[in-house]
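With chain X's structure known, arrange chain G on it following the hints.
Residues per chain are reported as follows:
There are 2 protein chains.
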Amino acid sequence: MVSLPAMIERAARLNPAGAATTYAGRSCSWTDLAGRMARLAGALRGFGLCGGERIGILALNSDRYYELLFAIPWAGFCVVPLNTRWALPENNYAVEDSGTRILLFDDAFVEQAGHLFYAVEELAVAIFMGEGECPQWALSYEELIASTDPVAASTRGGDDMAGIFYTGGTTGFPKGVMQSHRAIWASAMGALPDFQMNRDSVYLHVAPMFHMADFAGGMGVTLCGGRNVILQSFDPARVFDTFSSEQVTHVLLVPAMIKLLLDYPGAADADMSSLQCIIYGASPMPAASLQRCLATWPTVSLVQAYGQTELAPVATTLSAQAHREGGDKLKSAGRPTAVTDIRIVGEDGRDCAVGCSGEIAARGPHAMMGYWNKPEETAAALREGWVFTGDAGYLDEDGYLFIVDRVKDMVVTGGENVFTTEVENAVISHEAVRDVAVIGIPHAEWGEAVHAIVILHPGSAVTETELIGHCREHIAGYKLPRSFTFREEPLPLSGAGKVLKTELRKPFWEGMERRVN
Amino acid sequence: MVSLPAMIERAARLNPAGAATTYAGRSCSWTDLAGRMARLAGALRGFGLCGGERIGILALNSDRYYELLFAIPWAGFCVVPLNTRWALPENNYAVEDSGTRILLFDDAFVEQAGHLFYAVEELAVAIFMGEGECPQWALSYEELIASTDPVAASTRGGDDMAGIFYTGGTTGFPKGVMQSHRAIWASAMGALPDFQMNRDSVYLHVAPMFHMADFAGGMGVTLCGGRNVILQSFDPARVFDTFSSEQVTHVLLVPAMIKLLLDYPGAADADMSSLQCIIYGASPMPAASLQRCLATWPTVSLVQAYGQTELAPVATTLSAQAHREGGDKLKSAGRPTAVTDIRIVGEDGRDCAVGCSGEIAARGPHAMMGYWNKPEETAAALREGWVFTGDAGYLDEDGYLFIVDRVKDMVVTGGENVFTTEVENAVISHEAVRDVAVIGIPHAEWGEAVHAIVILHPGSAVTETELIGHCREHIAGYKLPRSFTFREEPLPLSGAGKVLKTELRKPFWEGMERRVN
Chain X
11 MVSLPAMIER AARLNPAGAA TTYAGRSCSW TDLAGRMARL AGALRGFGLC
61 GGERIGILAL NSDRYYELLF AIPWAGFCVV PLNTRWALPE NNYAVEDSGT
111 RILLFDDAFV EQAGHLFYAV EELAVAIFMG EGECPQWALS YEELIASTDP
161 VAASTRGGDD MAGIFYTGGT TGFPKGVMQS HRAIWASAMG ALPDFQMNRD
211 SVYLHVAPMF HMADFAGGMG VTLCGGRNVI LQSFDPARVF DTFSSEQVTH
261 VLLVPAMIKL LLDYPGAADA DMSSLQCIIY GASPMPAASL QRCLATWPTV
311 SLVQAYGQTE LAPVATTLSA QAHREGGDKL KSAGRPTAVT DIRIVGEDGR
361 DCAVGCSGEI AARGPHAMMG YWNKPEETAA ALREGWVFTG DAGYLDEDGY
411 LFIVDRVKDM VVTGGENVFT TEVENAVISH EAVRDVAVIG IPHAEWGEAV
461 HAIVILHPGS AVTETELIGH CREHIAGYKL PRSFTFREEP LPLSGAGKVL
511 KTELRKPFWE GMERRVN
Chain G
11 MVSLPAMIER AARLNPAGAA TTYAGRSCSW TDLAGRMARL AGALRGFGLC
61 GGERIGILAL NSDRYYELLF AIPWAGFCVV PLNTRWALPE NNYAVEDSGT
111 RILLFDDAFV EQAGHLFYAV EELAVAIFMG EGECPQWALS YEELIASTDP
161 VAASTRGGDD MAGIFYTGGT TGFPKGVMQS HRAIWASAMG ALPDFQMNRD
211 SVYLHVAPMF HMADFAGGMG VTLCGGRNVI LQSFDPARVF DTFSSEQVTH
261 VLLVPAMIKL LLDYPGAADA DMSSLQCIIY GASPMPAASL QRCLATWPTV
311 SLVQAYGQTE LAPVATTLSA QAHREGGDKL KSAGRPTAVT DIRIVGEDGR
361 DCAVGCSGEI AARGPHAMMG YWNKPEETAA ALREGWVFTG DAGYLDEDGY
411 LFIVDRVKDM VVTGGENVFT TEVENAVISH EAVRDVAVIG IPHAEWGEAV
461 HAIVILHPGS AVTETELIGH CREHIAGYKL PRSFTFREEP LPLSGAGKVL
511 KTELRKPFWE GMERRVN
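Line by line, the protein sequences give chains X and G. FYI, in my numbering the residues of the first sequence are 11 to 527. FYI, in my numbering the residues of the second sequence are 11 to 527.
Extracted from the complex, chain X is given alone in its bound form (with noise of 0.2 Å):
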């Protein structure tokens, strides 16, 4: 049966001495990783949890991190990777509504996952996974793994669930999308041959390893038995410094991180002579960095993937022979990944012509099972297998899809969803705050920065400052709006009483083009 753990075991047989991490100046072969998810499963088992309940990681990409994703479902249970850029209030929803039981967390979140373990009644037991000295509340995970007899891997696998992954949500709340077993290796499966991994493959982890993203690839190499080589964080010099030291073959960066290393001095100087394949996607790649990316670096391929954490997440991928052809179809985001099936739904529900633009809706083994706890949300977003990704495309004569819109009011900042549902709710909690509508508006760095369009009750008066400082209570900081309109006339409205945030765009666009895939 398909199964985290299956894929680490196979790599484990078909790769014994190979090293399977490296991280920090210390390698684990495949065998040594086996053993170790083995003992640590065993561990984990320990705590008399029940076959499906969750455990929660908050912690920097890691070599531990990598561990964990496969040794919680090795001991039969789901994985919640935390987001380390949320807020306290944030992590403690996805904790509570989660029902996670277990908290990893490393030297960085020492303060937040003491805030979050004494809050939250379910949470039975922390584990330090840093390097730093192990708080006296929390167990020590290497202490854990020395101290167990190794465990077989749990029989869970195929459709049951691997692990809960939160997004922003629509109405304000984090979603938690649930993905089987399957759904993650169907998703690798699909991006694998534009991916062209092998066992020679060495992946790097240096996007934050808790956002599906860096599955696309992580999981690619897993499947492959190669080697994932990983950064606790993004840092230029380090990333060049790491793609010549470790040979690195092939890396998924967000365009920004493609732009700063593009703006990196002696970019062009760089050692990329092992490195074959830039993965890039979660948010719009600007024209122009894309051109400096095939110019700085010519012999390096470049592969585009488009997806969502519901799709596991890779649903096309515009592939390395396409950006060398170059044209048009740089615009898109190429087609469907072989395990995916693509409809442009109207709004009449019925499938758009070629050319035309509709909702983008896709299906097939990596699709989500649906939201934790959220019948509602998963109705209206999973309707007869088809997951409705809430952009809006079109797909053009040769398949190649082509992203025009978001269905879903939400900006894409860095690579990261932010929910305006989210961030308005933020902003009007604030008293002196009547009306708010959030926005994306054109960053050189980012793709879209958070922008709040404000009106103040009458009388009333507060600073960009201060209604920062208020936001940052209850969101994270790259929720946060970047930049601030006050206004008295109020927000234009659609016959439907909806604000018409495309009028409100209009004056931070004119004469740019929006990308939003």
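Hint data in this document are derived by calculation from the structure and do not stem from the laboratory. Hints should not be assumed to be uniformly reliable.
Okay, derived cross-link-like pairs now, DMTMM-like style, lysine to aspartate or glutamate, Cα gap no bigger than 20 Å in a straight line [to be verified]:
#1 X:Lys339 <-> G:Asp210
#2 G:Lys339 <-> X:Asp419
#3 X:Lys511 <-> X:Asp419
None of these values were measured; they are calculated from a predicted model.
Just chain G now, kept in the frame of chain X:
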């Protein structure tokens, strides 16, 4: 859910106007093809069969053959592709064993189908799918399509059986390999990264379509919504013409076909400009052919696929890149695809170390469900999810699989497996024969040829021609001995009383490398 009809529906949605099949000067779009399948499925449902019952095909390659491979599962039934090289008794066995209720046949098999139709009681309906006149005792394929309304695809799929695929049997009887929808899909998914097909690909079916080797390429191009070009049978001149006229990008050939193409006058001047990839497999490729291929058609990628019907059928691939790099890896069968897990099992049942030979066992979502009606053979070949291939080999330290011998006593001649027991049973049933051993001896064109070593009863006499005539009544032409050795001394036996075929093979193979994959 993954299913054969869903593959067609997806291709029709993603590439509605694109050509799906081209055969004998006629083409059919994906939309039209899906419509024909839906009507044909409706007709098949009209005969009162229960879900999962079997429908056989006895025909040369055609666009209708391709249609049936999907229309039969569309209707909710299982497909039984019959071996076009088999003699009447062998196909009679397959039809009876599988409980086939409807038989489709073409012009080339009117006589055999007629015999089967009247001999097998369970066979309720015969449908003529050829180009000539429909026999009176059969229904017309095109009339059925024209007179029936389309039906929605069956909900069968996933782990449900999609078909029964007959292979030679070790015990002298053919074995029906049960394959699920998911298994056929998974094998194709595993091969796709190396086949490098996409929606623009044009795949030539020229290997027999009843054989799963052709599935490897055909299912891949179906997943991509590309184009199937179909030749009724193999003819070098027509293959070269078709490469050029249909702008073929991919073809699967058995090594014997490749040799015939290389030997064809003007092979070096043929228009191969569209051809991207020759996939080869099903029998050992002589090193000389491989080198000639690379030298004669330097722009064409070579990809080897190794597997068997029990693996639906691909287990490992030797990539185009590995072919270009050359060296020792060219002697291997490549590496496991991303869906395949491989073990090398020693005689003690334990895993062999890297570099040590044992029986090759393979596991994955493409493993067979078992042998139809043969629980003992199933228990022997399928153990805890592992398919024991009957091939002996080892994995090198880079994860390449080298096949060194066959555990099953089998001759592979021109891409067909001949179990020696079947031939021995046929020979020994002649009254003059006292003992016989059948082995494979080197053959320039077919890799191996079937050779019989015969001991006659004292005082008996028989000619080679008489023996061949006798065998022809029992077994297919390709299984007949091509040559004989008559001897008087008893066959060499092992301590356990087994005929030592290695001893018998030795004089024929002296100074030659016996490549057996």
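Hints and how they fare:
no.: 1; hint: X:Lys339 <-> G:Asp210; verdict: holds (14 Å)
no.: 2; hint: G:Lys339 <-> X:Asp419; verdict: violated (53 Å)
no.: 3; hint: X:Lys511 <-> X:Asp419; verdict: holds (9 Å)
Hint violations for this structure: number 2 only, all remaining hints satisfied.
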